[in-house]
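Could you build all of it, start to finish, from the sequences and the hints given here?
Number of protein chains: 2
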Amino acid sequence: MSYELYYWPSIQGRGEFVRLALEEAGAAYVDVAREPEGLAAMMRMIDDAERPPFAPPFLKDGETIIGQSAAILLYLGARHGLAPKDPAGGLWTHQIQLTIADVVAEAHDTHHPVGVGLTYEDQMSEALRRAREFRDSRIPKFLNWFETILARNPAGDGHLVGRSLTYVDLSLFQVVEGLAYAFPRAARRALKDTPRVAALHAAVARRPRIEAYLGSLRRIPFNQEGIFRHYPELDA
Amino acid sequence: MSYELYYWPSIQGRGEFVRLALEEAGAAYVDVAREPEGLAAMMRMIDDAERPPFAPPFLKDGETIIGQSAAILLYLGARHGLAPKDPAGGLWTHQIQLTIADVVAEAHDTHHPVGVGLTYEDQMSEALRRAREFRDSRIPKFLNWFETILARNPAGDGHLVGRSLTYVDLSLFQVVEGLAYAFPRAARRALKDTPRVAALHAAVARRPRIEAYLGSLRRIPFNQEGIFRHYPELDA
Numbered sequence: 001m002s003y004e005l006y007y008w009p010s011i012q013g014r015g016e017f018v019r020l021a022l023e024e025a026g027a028a029y030v031d032v033a034r035e036p037e038g039l040a041a042m043m044r045m046i047d048d049a050e051r052p053p054f055a056p057p058f059l060k061d062g063e064t065i066i067g068q069s070a071a072i073l074l075y076l077g078a079r080h081g082l083a084p085k086d087p088a089g090g091l092w093t094h095q096i097q098l099t100i101a102d103v104v105a106e107a108h109d110t111h112h113p114v115g116v117g118l119t120y121e122d123q124m125s126e127a128l129r130r131a132r133e134f135r136d137s138r139i140p141k142f143l144n145w146f147e148t149i150l151a152r153n154p155a156g157d158g159h160l161v162g163r164s165l166t167y168v169d170l171s172l173f174q175v176v177e178g179l180a181y182a183f184p185r186a187a188r189r190a191l192k193d194t195p196r197v198a199a200l201h202a203a204v205a206r207r208p209r210i211e212a213y214l215g216s217l218r219r220i221p222f223n224q225e226g227i228f229r230h231y232p233e234l235d236a
Numbered sequence: 001m002s003y004e005l006y007y008w009p010s011i012q013g014r015g016e017f018v019r020l021a022l023e024e025a026g027a028a029y030v031d032v033a034r035e036p037e038g039l040a041a042m043m044r045m046i047d048d049a050e051r052p053p054f055a056p057p058f059l060k061d062g063e064t065i066i067g068q069s070a071a072i073l074l075y076l077g078a079r080h081g082l083a084p085k086d087p088a089g090g091l092w093t094h095q096i097q098l099t100i101a102d103v104v105a106e107a108h109d110t111h112h113p114v115g116v117g118l119t120y121e122d123q124m125s126e127a128l129r130r131a132r133e134f135r136d137s138r139i140p141k142f143l144n145w146f147e148t149i150l151a152r153n154p155a156g157d158g159h160l161v162g163r164s165l166t167y168v169d170l171s172l173f174q175v176v177e178g179l180a181y182a183f184p185r186a187a188r189r190a191l192k193d194t195p196r197v198a199a200l201h202a203a204v205a206r207r208p209r210i211e212a213y214l215g216s217l218r219r220i221p222f223n224q225e226g227i228f229r230h231y232p233e234l235d236a
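Residue numbers (full-length UniProt numbering), protein chains in the order written: chain A, 1 to 236; chain B, 1 to 236.
A portion of the hints provided could be inaccurate.
Identical copies carry no separate label here, and so any pair may be met within one copy or between two of them.
What the hints assert, rightly or not - Below, computed lysine-lysine pairings styled on DSBU-like, alpha-carbon distance capped at 35 angstroms: (1) Lys85 / Lys192; (2) Lys192 / Lys60; (3) Lys141 / Lys85.
Keep in mind the hints are simulated off the structure, nothing from the lab.
Model, not experiment: these values are computed from the prediction.
Printed below as a string of structure tokens:
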């Protein structure tokens, strides 16, 4: 039976971390909200489920509904060989994903530092200040942490955890993609100091299933509605 | 052997969600950074660990180091009867905790909407706007979600998951405590519409181990350094 992924149909957003794992796993899935009537079905599930997700994305696997992208990846990673089998390694992988969720939330807040209920234009002066902090302080701090993890991985610096691909490698790829789209200048500066992160990003992009996915219509282009948005004034 | 909890020694912060679980479990633990030389030991672990946490809190259990409060609770919940034993229930509990982590991050950002590298006074005008969004829109949205979960729990509305206490009940208690401290007026308004959340908060406060903990010196009082801070101008 196919997985059902529920996420906003016009953006990569947080759903993209799940899509990348499903694609790399070669798992059958339906991106429900991109199907006819799918968006209405998604809203009904949020309204009516006994265990309602707070927000998309959520994944339905038979009767199980799982919200929060990091929890979805915890679930998928164990089922598709995208996480270590030992409990400590699985938890370490999840911990990295939770920190990726933190950087994603901060990237979002660069253009919405006041609140999601307002437009970017309504909070642009706040955004200019928050984006400067994010570029100058947070992007380097996060990317340096990933670089350290790669450098200290006893199995080699080609992967964040162990000797083979896990879902956090895919997620870090997506973070780098997003930062390079939204903050091309700041990302280029930070990646100069984090060559292992840059190399992992390039290696993930060359994986056959990921490469095929990125070239397909299933990959929604970055745009000005998602988490990562390119406002040149925020990348000064 | 005792657990070792590593967190900033002068605030409740994100460490408090872990402390509450350890206290309710009656688990032996050392709050390392509150011991002599403990803060230096914490910083050394962040600098030197093969699997370095991005930030406190982190928990050491023998050779295992776990960062991210939600991951720590996932680990502790399974070991101390503070989470359902069935995998779907465990994942649902974790999903709720991840959403609690989201509201905690948003509560923090009310006083630091631009960045953690600046003081509150340096970002007060941004804080006034963000706090208004948080009070008017986000607090009700989050508390209503918890209320819905309680109302739909097939085992009764006394707990978020199942028929007995789990770590997310403790964490929701702490969220309500924090909101009531930081935003007394807004919290009071929202809790009027979420009576099950208010009742759960009161019930957790009466649990013998929690009551003893709250009355002890181990419970650090709320203050103006933590996640939840009371600036009257942000609770207009």
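Now the hints, each set against the structure:
Taking the shortest Cα distances, Lys85 and Lys192 sit within 35 angstroms of each other inside one copy (33 angstroms), while across copies they are farther apart (46 angstroms). Taking the closest pair of Cα atoms, Lys192 and Lys60 come within 35 angstroms of each other only across two copies (34 angstroms); inside a single copy the shortest separation is 40 angstroms, beyond that limit. For a Cα distance limit of 35 angstroms, the shortest separation of Lys141 from Lys85 inside one copy, 29 angstroms, qualifies, whereas the shortest one across copies, 37 angstroms, does not.
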